[in-house]
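J.: Under the working numbering, think of the first position of the sequence shown as 1, with each following residue one higher.
Please note that the accuracy of each hint is not assured.
Label-pair ranges, simulated between beta-carbon atoms [claimed, not checked]:
# : residue 1 : residue 2 : range
1 : SER72     : SER51     : 19 to 25 Å
2 : LEU88     : VAL127    : 28 to 34 Å
3 : ALA62     : ASN141    : 15 to 21 Å
Read the hints as simulated data drawn from the structure, not as lab findings. Using N, Cα and C, we set each Cβ at its ideal position, and we do this for glycine too.
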Amino acid sequence: MTGSGGMTGTGGMTGSGGMTGTGGMTGSGGMTGSGGMTGTGGTGGSVMGVSFDLDIQPYFEAGQADCVGCHSGGGPAGVDLDSYASILAGGDGFPLVVPGDSSDPAAALIPQLNANHFNGPDDGGFVLSLSQWIDEGALDN
1 MTGSGGMTGT GGMTGSGGMT GTGGMTGSGG MTGSGGMTGT GGTGGSVMGV
51 SFDLDIQPYF EAGQADCVGC HSGGGPAGVD LDSYASILAG GDGFPLVVPG
101 DSSDPAAALI PQLNANHFNG PDDGGFVLSL SQWIDEGALD N
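Sequences are here, hints too, so could you generate the full structure?
T.: Here it is, written out as structure tokens:
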């Protein structure tokens, strides 16, 4: 704006995330000049990794693997794969997973899958997904 009591000159408002540029507001009621609003964007959200509900549990329940056919409600070695809580509870005296560390030697689930302890071939995709889910903290998601 120019005139009595207005703002004159280049710049307008400057600062982090404010308005920069030359010109600002000039003339009668209009806005002219280059620049506009500039600033730094925020941080992006987290990308959802492997989901227990969408990627892990369906494998145990269906398809060629059908793990819960044997490992449900106190199956062999006390291994119960029919829920998130039972998987985290582990088997008879041993953990199935150690959240945050898929390579922990105390956890039995991945070594059993790698030893072909299932009813169907795994192309490696499920074991990789399971490892990623464990490394991401084995969340109930």
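J.: Does each hint hold? Answer for all of them.
T.: Results of checking the hints against the structure:
1. SER72 with SER51: 19 to 25 Å: holds (21 Å)
2. LEU88 with VAL127: 28 to 34 Å: Since LEU88 and VAL127 have Cβ atoms about 18 Å apart, the given range 28 to 34 Å is violated.
3. ALA62 with ASN141: 15 to 21 Å: Given about 19 Å between the Cβ atoms, the range holds.
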